[in-house]
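Those sequence lines, one after another, are chains A and B. Under full-length UniProt numbering, the first residue of the first sequence carries the number 1, and numbering increases by one thereafter. Under full-length UniProt numbering, the first residue of the second sequence carries the number 1, and numbering increases by one thereafter.
Read the hints as simulated data drawn from the structure, not as lab findings. Incorrect hints may appear among the rest.
No farther apart than 25 Å at their CA atoms in a straight line, the calculated lysine to any residue pairs in the SDA-like style are these [what the hints assert, rightly or not]:
#1 Lys204/B to Thr194/A
#2 Lys204/B to Val107/A
#3 Lys208/B to Lys208/A
#4 Lys208/B to Gln63/A
#5 Lys208/B to Thr61/A
#6 Lys204/B to Gln63/A
#7 Lys204/B to Arg152/A
#8 Lys204/B to Arg151/A
#9 Lys37/A to Arg195/A
#10 Lys204/A to Val32/B
#11 Lys204/A to Glu78/B
#12 Lys204/A to Arg152/B
#13 Lys208/A to Val94/B
#14 Lys208/B to Ser97/A
#15 Lys53/B to Glu78/B
#16 Lys208/B to Pro77/A
#17 Lys204/A to Gln63/B
#18 Lys37/B to Asp121/B
#19 Lys204/A to Lys208/B
#20 Lys208/A to Glu78/B
#21 Lys208/A to Gln63/B
#22 Lys53/B to Asp121/B
#23 Lys208/A to Pro77/B
#24 Lys37/B to Pro179/B
#25 Lys208/A to Glu166/A
Please read these numbers as outputs of a predicted model, since none were measured by experiment.
Protein chains: 2
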Amino acid sequence: MYSVSPQQNSEASRPFLTWQRIIDWAQEHYRVRSFSKDEKIPTRPGLLYLVQKGAVRLVGTAQVNATSATRLARISPEEAFLGFVGTGQPFEIVAQSPFTLQSYAHVDQTSVVWMYWHDLDNWPHFRREVLDAFRYQHQRKLLWLSTLGQRRTIDRLLGFLTLLIEEYGEPTDEGYCLPFPLTHAQIGSAIGSTRVTVTRLMGKLRQKGMIRTQGDNLLCLPTDSVLTTGNA
Amino acid sequence: MYSVSPQQNSEASRPFLTWQRIIDWAQEHYRVRSFSKDEKIPTRPGLLYLVQKGAVRLVGTAQVNATSATRLARISPEEAFLGFVGTGQPFEIVAQSPFTLQSYAHVDQTSVVWMYWHDLDNWPHFRREVLDAFRYQHQRKLLWLSTLGQRRTIDRLLGFLTLLIEEYGEPTDEGYCLPFPLTHAQIGSAIGSTRVTVTRLMGKLRQKGMIRTQGDNLLCLPTDSVLTTGNA
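Whenever a hint applies, use it, and build me the whole structure from the sequences.
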């Protein structure tokens with residue numbers, strides 16, 4: 001349902017050959033659990049997680065800042081949206097001060113399998129698939145960092161949306177659309193901006209025809225935009 | 001020389017067991033080349049690169065922005081500093097519009113080995129080390145994205161410096177210091193800010209005792225800061 005579009009994402013979407021066997025194994029061993037929208041997925045460092053169904057949202061929290069002595073910073077640490085993990089994709093959460101990573105179910109009925117790395121000894125080929133998936137995710141994050149280095153917020157916003165929709169978008173009448181909603185506050189938290197600013201700049205991008213929205217606030221890129229951004 | 005500090009970075013710094021054999025193989029097959037400071041390292045997608053000596057700087061260029069029709073954007077695309085690749089570490093550059101990634105030697109006499117992925121068929125254990133290294137780099141980039149989601153530039157700056165020095169810093173009298181210089185323009189390009197702003201905010205952080213500089217403009221974190229940021 002929320003699968004990665006094969007056309008745009010050939011590396012990450014190649015079939016996990018032993019996927020069904022993993023799912024069977026996980027059910028036999030009670031290593032699978034379902035979560036409702038925005039429910040926190042408990043994780044431990046050193047474990048490997050696989051999204052069986054739905055989508056996971058990764059979030060980072062900074063515990064270091066230049067004004068951390070103030071009460072404000074202690075009450076509301078800033079949470080940053082770090083991206084999705086789609087169906088069939090692995091993720092791991094390594095605890096690391098001064099930043100912490102967390103995972104949430106982004107949609108209802110998100111189902112997650114967990115295992116120890118050594119459980120993969122049974123499936124050496126699958127282990128390699130998982131490591132290749134992390135390699136791919138790493139490359140995507142480098143592109144993401146490229147856009148966050150841009151000075152103007154509107155450029156970071158457009159770059160961010162382009163990367164996200166390029167990876168997770170599905171073809172519709174409106175172009176390529178994200179299959180799940182993302183709030184303006186979440187977008188702001190990813191690009192170092194605020195909900196208010198994101199709302200304003202989204203309006204600008206919509207006016208210029210650079211983005212669209214579909215139905216229940218789903219974000220879209222016009223098809224020609226996806227095809228031609230490389231030549232811009 | 002520019003090795004990763006084992007104490008702070010146990011996963012990435014575990015010895016590459018077959019490292020010497022790889023170096024020998026690379027020299028025999030003319031797969032190693034030396035670069036001077038800031039020289040561009042030519043790369044092709046699908047190839048794997050290993051830093052034998054020195055340090056590599058990854059840079060991303062955005063080719064999409066909300067005002068790309070203007071002449072200004074065409075003349076000076078924004079380059080973002082995306083991090084270092086230290087001695088013994090692998091990197092790869094996957095071409096991907098609307099962003100391009102590039103690599104430069106960050107210090108003189110940086111030496112880089114290149115190979116095809118299938119060359120690693122000879123060293124299956126080493127292949128796994130490389131994939132684990134990418135897995136580690138991916139986790140670091142998630143932490144990096146966490147700090148770039150912070151709204152205030154000074155928080156992004158401090159978070160960025162903390163992560164960088166935590167990973168690459170070496171113990172000195174001034175605390176943990178980066179072993180190579182990084183310009184304020186490069187720092188600004190990483191955190192979505194300008195050279196001028198970085199210079200101003202670095203002054204503030206220095207006044208507060210949150211960062212230091214050593215000798216020839218090397219960036220340092222006071223030792224107690226590294227140890228206590230998690231409790232801030």
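Going down the list of hints, with the structure as the test:
no. : hint                 : result
1   : Lys204/B to Thr194/A : 24 Å, holds
2   : Lys204/B to Val107/A : 42 Å, violated
3   : Lys208/B to Lys208/A : 44 Å, violated
4   : Lys208/B to Gln63/A  : 18 Å, holds
5   : Lys208/B to Thr61/A  : 23 Å, holds
6   : Lys204/B to Gln63/A  : 19 Å, holds
7   : Lys204/B to Arg152/A : 23 Å, holds
8   : Lys204/B to Arg151/A : 21 Å, holds
9   : Lys37/A to Arg195/A  : 21 Å, holds
10  : Lys204/A to Val32/B  : 49 Å, violated
11  : Lys204/A to Glu78/B  : 21 Å, holds
12  : Lys204/A to Arg152/B : 23 Å, holds
13  : Lys208/A to Val94/B  : 30 Å, violated
14  : Lys208/B to Ser97/A  : 21 Å, holds
15  : Lys53/B to Glu78/B   : 28 Å, violated
16  : Lys208/B to Pro77/A  : 21 Å, holds
17  : Lys204/A to Gln63/B  : 19 Å, holds
18  : Lys37/B to Asp121/B  : 32 Å, violated
19  : Lys204/A to Lys208/B : 39 Å, violated
20  : Lys208/A to Glu78/B  : 22 Å, holds
21  : Lys208/A to Gln63/B  : 18 Å, holds
22  : Lys53/B to Asp121/B  : 24 Å, holds
23  : Lys208/A to Pro77/B  : 21 Å, holds
24  : Lys37/B to Pro179/B  : 14 Å, holds
25  : Lys208/A to Glu166/A : 19 Å, holds
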